[in-house]
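S.K.: Here are the chains, one letter per residue:
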Amino acid sequence: MKSVKTLLAVLVAGSAMLAGPVMADDHKKEQKQEQKQERKQEGKKDDKGYGDKSKDKKDEKKDDKKSSTAAVGSPAPEFTLTDTTGKEHTLSSLTKEGKTVVLQWFNPDCPFVVKHHEKFTTFNDLHAKYSPRGVVFLAINSGAAGKQGAGKDRNAKAVTDWKMPYPVLLDESGAVGKAYGAKRTPEMYIITKDGLLAYHGAIDDNPSADEAGKVNYVAKALDEILAGQSVSTATTRAYGCTVKYAD
Amino acid sequence: MAIPSRVCNGLLPTVPILAVSMAASMVVAAPPTGTSTDAPSPAAPTPAPATQARPVPAPKATLALISDFASIGPGQEFTLALHFTMQPGWHIYWNGINDTGFPPNWELELPPGFVVGEPLWPGPKRYISPGEILDHVYEESVAILIPVRAPDELPRGDLTLRVSSKWLVCKDICIAEEGSASLTLSSASGADGSGGGAGGGGGGAGVIRAMRERLPRESLPEGASAGIERGGRGGMLEVRVPGARKVEFYPESEGIEASELIRGGSADGELLKLRVGAGVEAMTGVVGVWWSAGREPRGTPTGKGGEHPVFYRVSLD
Numbered sequence: 001m002k003s004v005k006t007l008l009a010v011l012v013a014g015s016a017m018l019a020g021p022v023m024a025d026d027h028k029k030e031q032k033q034e035q036k037q038e039r040k041q042e043g044k045k046d047d048k049g050y051g052d053k054s055k056d057k058k059d060e061k062k063d064d065k066k067s068s069t070a071a072v073g074s075p076a077p078e079f080t081l082t083d084t085t086g087k088e089h090t091l092s093s094l095t096k097e098g099k100t101v102v103l104q105w106f107n108p109d110c111p112f113v114v115k116h117h118e119k120f121t122t123f124n125d126l127h128a129k130y131s132p133r134g135v136v137f138l139a140i141n142s143g144a145a146g147k148q149g150a151g152k153d154r155n156a157k158a159v160t161d162w163k164m165p166y167p168v169l170l171d172e173s174g175a176v177g178k179a180y181g182a183k184r185t186p187e188m189y190i191i192t193k194d195g196l197l198a199y200h201g202a203i204d205d206n207p208s209a210d211e212a213g214k215v216n217y218v219a220k221a222l223d224e225i226l227a228g229q230s231v232s233t234a235t236t237r238a239y240g241c242t243v244k245y246a247d
Numbered sequence: 001m002a003i004p005s006r007v008c009n010g011l012l013p014t015v016p017i018l019a020v021s022m023a024a025s026m027v028v029a030a031p032p033t034g035t036s037t038d039a040p041s042p043a044a045p046t047p048a049p050a051t052q053a054r055p056v057p058a059p060k061a062t063l064a065l066i067s068d069f070a071s072i073g074p075g076q077e078f079t080l081a082l083h084f085t086m087q088p089g090w091h092i093y094w095n096g097i098n099d100t101g102f103p104p105n106w107e108l109e110l111p112p113g114f115v116v117g118e119p120l121w122p123g124p125k126r127y128i129s130p131g132e133i134l135d136h137v138y139e140e141s142v143a144i145l146i147p148v149r150a151p152d153e154l155p156r157g158d159l160t161l162r163v164s165s166k167w168l169v170c171k172d173i174c175i176a177e178e179g180s181a182s183l184t185l186s187s188a189s190g191a192d193g194s195g196g197g198a199g200g201g202g203g204g205a206g207v208i209r210a211m212r213e214r215l216p217r218e219s220l221p222e223g224a225s226a227g228i229e230r231g232g233r234g235g236m237l238e239v240r241v242p243g244a245r246k247v248e249f250y251p252e253s254e255g256i257e258a259s260e261l262i263r264g265g266s267a268d269g270e271l272l273k274l275r276v277g278a279g280v281e282a283m284t285g286v287v288g289v290w291w292s293a294g295r296e297p298r299g300t301p302t303g304k305g306g307e308h309p310v311f312y313r314v315s316l317d
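Just so you know, the protein sequences line up as chains V and R, in that order.
Per the numbering used here, residue 1 is the first one in the first sequence, and the count goes up by one each step.
Per the numbering used here, residue 1 is the first one in the second sequence, and the count goes up by one each step.
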């Protein structure tokens with residue numbers, strides 16, 4: 001439990017999303033105070049989730065480690081993760097190319113994820129519609145080794161079974177998931193080409209395990225982003241199964 | 001006039017429900033089924049519906065429809081309940097704030113003229129998962145109580161009541177299950193209903209009485225207090241219950257972040273303090289109190305071994 005306690009102080013602002021954007025400023029301040037206390041302990045932590053790019057910008061690196069502040073309007077945490085084919089993906093490389101990036105927290109055995117890949121083809125449809133317009137889709141599985149739906153083989157199989165046109169990135173240490181404050185699968189984040197988080201929350205407005213939603217919040221936000229407008233519904237409560245972090 | 005009343009509770013909680021006919025999206029299904037997630041994946045994907053592509057395991061939660069009266073008279077008020085029994089280690093969800101999870105929803109099919117009130121949810125148990133994830137759940141067994149009033153004109157003979165429900169049941173993995181149950185009560189025109197008898201009345205009354213003890217009482221007991229102290233950067237929710245050896249808070253409205261609730265949502269002793277976000281105007285929730293021996297207010301049932309605390313509703317603004 002010690003590691004959990006250490007992370008607790010660090011993860012304060014990630015949970016700010018539950019209370020809406022109002023909380024963000026307060027928790028940034030608290031978070032900076034806690035940063036000073038926590039830095040020495042954090043220095044030795046293994047940074048599997050963060051790639052070479054973050055070495056260039058010291059400040060960003062500090063922020064990455066502390067921030068489970070995936071707060072809408074703030075820079076999204078940088079990461080480099082490997083997908084099930086062994087290919088690496090780095091967030092800043094994509095945004096620098098002018099891409100809008102959609103992150104989908106993923107667990108192929110979670111009924112809510114299954115709903116959107118089997119009963120409905122929500123995610124494949126989104127990809128078909130928005131990928132030609134410069135939007136990159138990445139699924140991220142932060143399940144620890146041995147947990148439900150985790151591991152390269154299981155996720156590679158999902159990509160094949162569900163004919164996913166976008167990769168599943170493996171985050172078995174949970175570092176990226178925790179940096180983003182991801183608690184559920186599916187939980188959605190949209191990052192604009194300036195590296196800021198523009199949307200965080202549910203894929204749509206029906207939290208059941210078997211019914212279609214009426215409003216797809218991600219599609220709505222992408223339409224607004226691509227039209228140069230601000231996102232009208234920037235934060236919603238995501239629904240889904242618990243992300244299977246390590247104990 | 002033989003159209004049965006169909007009553008749904010929506011996916012979102014706290015909507016008062018009267019006998020309104022609602023378009024039913026669910027079909028009453030006789031055997032329990034589930035969309036399994038702990039079974040091996042299918043060898044080859046097909047366009048077939050998900051429930052056919054994956055094998056269905058035995059249900060982790062079973063549903064029964066029970067009543068506290070076996071025999072119902074005209075205009076009589078009684079209580080129905082959705083009684084869920086969970087396999088060891090498995091839980092379903094409360095209808096307050098949860099990080100993940102999804103409370104049961106249901107559709108009741110009642111004879112014409114029956115009116116239902118708002119469902120009553122017993123107090124929950126905190127369930128914390130790695131990654132600072134907080135949910136509020138029910139383990140072992142729970143019944144969601146539904147007040148019902150029979151019409152003044154009651155047909156003779158048997159009354160058949162049905163419920164179909166969908167719920168999420170989890171342990172370390174989650175399974176979406178559905179099930180249905182029915183209950184036959186007898187119509188006692190002109191006679192008083194009684195608590196005994198077969199057909200669900202006898203056993204139902206005992207379970208319902210026990211579940212009533214787990215409902216939140218309307219307000220904190222005398223001498224206890226709850227309030228929000230507002231400051232510049234947010235406020236502090238304080239719940240003080242003299243005589244308590246442990247106090248917990250289960251939120252029904254937003255305003256406190258999960259990490260705060262995980263660290264501070266359960267306090268030893270009589271004082272619980274939680275930081276509340278700036279701009280939070282009002283909060284509702286449930287407080288769970290474990291009383292020190294002899295300190296509980298008169299009339300409080302003393303449960304065996306403190307398995308469940310005594311629940312009280314708090315509404316702060």
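What the hints contain is simulated information worked out from the structure, not anything from laboratory work.
Some hints here could point you the wrong way.
Below are the DSS-like pairs computed for lysine-lysine, each with C-alpha atoms no more than 30 Å apart in a straight line [to be verified]:
id: 1; chain 1: R; residue 1: K171; chain 2: V; residue 2: K157
id: 2; chain 1: R; residue 1: K171; chain 2: V; residue 2: K152
id: 3; chain 1: V; residue 1: K152; chain 2: V; residue 2: K214
id: 4; chain 1: V; residue 1: K119; chain 2: R; residue 2: K273
Label-pair distances were calculated between CB atoms; the ranges are [said to hold, decoys possible]:
id: 5; chain 1: V; residue 1: K129; chain 2: R; residue 2: L215; range: 34 to 40 Å
id: 6; chain 1: V; residue 1: E88; chain 2: R; residue 2: G231; range: 42 to 48 Å
id: 7; chain 1: V; residue 1: D125; chain 2: R; residue 2: G206; range: 48 to 54 Å
id: 8; chain 1: R; residue 1: D317; chain 2: V; residue 2: K129; range: 40 to 46 Å
Since the structure is predicted, the reported quantities are computational estimates derived from the model, not experimental observations.
Yeah, the Cβ is synthetic: ideal placement off N, Cα and C, and Gly gets one too.
S.K.: Look at each hint and say if it fits the structure.
M.R.: Going through the hints against the structure:
no. : hint                        : in the structure
1   : R:K171 / V:K157             : holds, 24 Å
2   : R:K171 / V:K152             : holds, 23 Å
3   : V:K152 / V:K214             : violated, 33 Å
4   : V:K119 / R:K273             : violated, 45 Å
5   : V:K129 / R:L215: 34 to 40 Å : violated, 48 Å
6   : V:E88 / R:G231: 42 to 48 Å  : holds, 46 Å
7   : V:D125 / R:G206: 48 to 54 Å : holds, 51 Å
8   : R:D317 / V:K129: 40 to 46 Å : holds, 44 Å
Checked against the numbered hints above, the structure breaks hints 3, 4 and 5 and satisfies the rest.
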